[in-house]
Amino acid sequence: RLREVPLPPLGPDDVLVEMIASPVNPADLNMIEGTYPIRPGAFPAIGGNEGLGRVMRIGERVRESLATRYPMESNNGDAFSPDALAKGAPLHVVTAEPGCGTWRTHAVVPASKLRTLQRGTEPASVLPGANAHEPYLEELAQMSVNVQTAWRMLNDFATLTPTQATVVLNAPTSAVGRAAIQLCKHRGVDVVALLRPRPTHEAFAADANRLIELGASHVFADDGAAHRSVEARAQLANLPPVRLALNGVGGASCVNVSSMLAKDGVVVTYGGMSKQPVGVPTGSAIFKNVSARGFWLTRWLEDRRMEEETAVNTDPGVRPWAHGAFMAPPDSAYARGERAAMGNECERLIRAGALNLPTRRVGLEEACEVIGEGASV
62 RLREVPLPPL
72 GPDDVLVEMI
82 ASPVNPADLN
92 MIEGTYPIRP
102 GAFPAIGGNE
112 GLGRVMRIGE
122 RVRESLATRY
132 PMESNNGDAF
142 SPDALAKGAP
152 LHVVTAEPGC
162 GTWRTHAVVP
172 ASKLRTLQRG
182 TEPASVLPGA
192 NAHEPYLEEL
202 AQMSVNVQTA
212 WRMLNDFATL
222 TPTQATVVLN
232 APTSAVGRAA
242 IQLCKHRGVD
252 VVALLRPRPT
262 HEAFAADANR
272 LIELGASHVF
282 ADDGAAHRSV
292 EARAQLANLP
302 PVRLALNGVG
312 GASCVNVSSM
322 LAKDGVVVTY
332 GGMSKQPVGV
342 PTGSAIFKNV
352 SARGFWLTRW
362 LEDRRMEEET
372 AVNTDPGVRP
382 WAHGAFMAPP
392 DSAYARGERA
402 AMGNECERLI
412 RAGALNLPTR
422 RVGLEEACEV
432 IGEGASV
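With positions in the sequence shown counted from 1, the corresponding number in the numbering used here is that position plus 61.
Worth double-checking, as some hints may not be accurate.
[To be verified] List time: in silico DSS-like cross-link candidates among lysine-lysine, alpha-carbon distance up to 30 Å:
1) K148 to K246
2) K349 to K336
3) K246 to K324
4) K148 to K174
5) K349 to K324
6) K336 to K324
[Unchecked claim] Simulated restraints on C-beta separations:
7) V423 to T220: 26 to 32 Å
8) F265 to T224: 28 to 34 Å
9) E427 to I99: 31 to 37 Å
10) F265 to Y97: 27 to 33 Å
11) R122 to F348: 55 to 61 Å
12) N405 to G160: 39 to 45 Å
Simulated from the structure, these hints should not be mistaken for laboratory data. For glycine and all other residues, C-beta sits at the position ideal for the given N, C-alpha and C.
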């Protein structure tokens, strides 16, 4: 339900953010159901794991550190004062890790949980708090979870060389699926999509054509038979071997994508929308040495964060957030690490128009109804 709650005090290491856009993902709904590994620390809780907002105020220690680190930009700290942040060039942020509770108008968030966007080119929106010079509000608001999940799976589980490998995936119209298709297109890698049957042939054709426009090489019905037809086999024979399968559904759909893998291929499960167990055909496991893996971005981010902290010579005078994503200095462990490299590249591709993640834009009041329906906004 929607209601007004008081903001907590702004701590010295905190940031006050005016939220501009926050998506609704399946994982968000799982948290509400109590079936997700991340649980709210207290109740009543605020949902939403990712989003984009504008910085309105920063805690004293954050401001002092930024004024020292960026003396030319800060002009003795004035650029990071409340008045300067409100009237000057906006400083936009996205969540750097889940659990921030982004379904609200304003939030006080530890700086360590935020990542600043590039300054000078700001997201566009008809909503308050954003600038109207760039049309990628929805994509930037989703870059912390969906885009980075697709990015990591394409990087970490198989060598995807153009003309040498093909990717197959189910749930292709999901945010992760659409991001994966477009990332494969950007890299010159063929991708085959298995799309659930629609109520009519026309509806299926419309969605399939849209996936082709995004970069899919072929789209087959995810019914267990379409990808085995004579015509489909002939089309697949002209593609490189399928080295990687991305599974966001589970059950029979996972069996379908797994069955298309070549020798030593791997199926990576990142979701289970069917709520059915993951399956790999017996023949694929025995005769093709197909393997099954799982991926959870939250775990990956936590592992990388711990690696970065281990690489830092601890200085009692440096606050924990200074090693994280919020305006990190270029010589920091974070700036040199995999988290920053992934975030920077995903942001660059979004700003270049290479990633398109269309969504349905609604206000908070309507979102309460949409969330109850389990839809994506």
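Structure-based check of all given hints:
| no. | hint | verdict |
| --- | --- | --- |
| 1 | K148 to K246 | violated (40 Å) |
| 2 | K349 to K336 | holds (27 Å) |
| 3 | K246 to K324 | holds (23 Å) |
| 4 | K148 to K174 | holds (24 Å) |
| 5 | K349 to K324 | holds (4 Å) |
| 6 | K336 to K324 | holds (28 Å) |
| 7 | V423 to T220: 26 to 32 Å | violated (41 Å) |
| 8 | F265 to T224: 28 to 34 Å | holds (29 Å) |
| 9 | E427 to I99: 31 to 37 Å | violated (26 Å) |
| 10 | F265 to Y97: 27 to 33 Å | holds (31 Å) |
| 11 | R122 to F348: 55 to 61 Å | holds (60 Å) |
| 12 | N405 to G160: 39 to 45 Å | violated (23 Å) |
Against the hints set out earlier in the document, violations occur for numbers 1, 7, 9 and 12.
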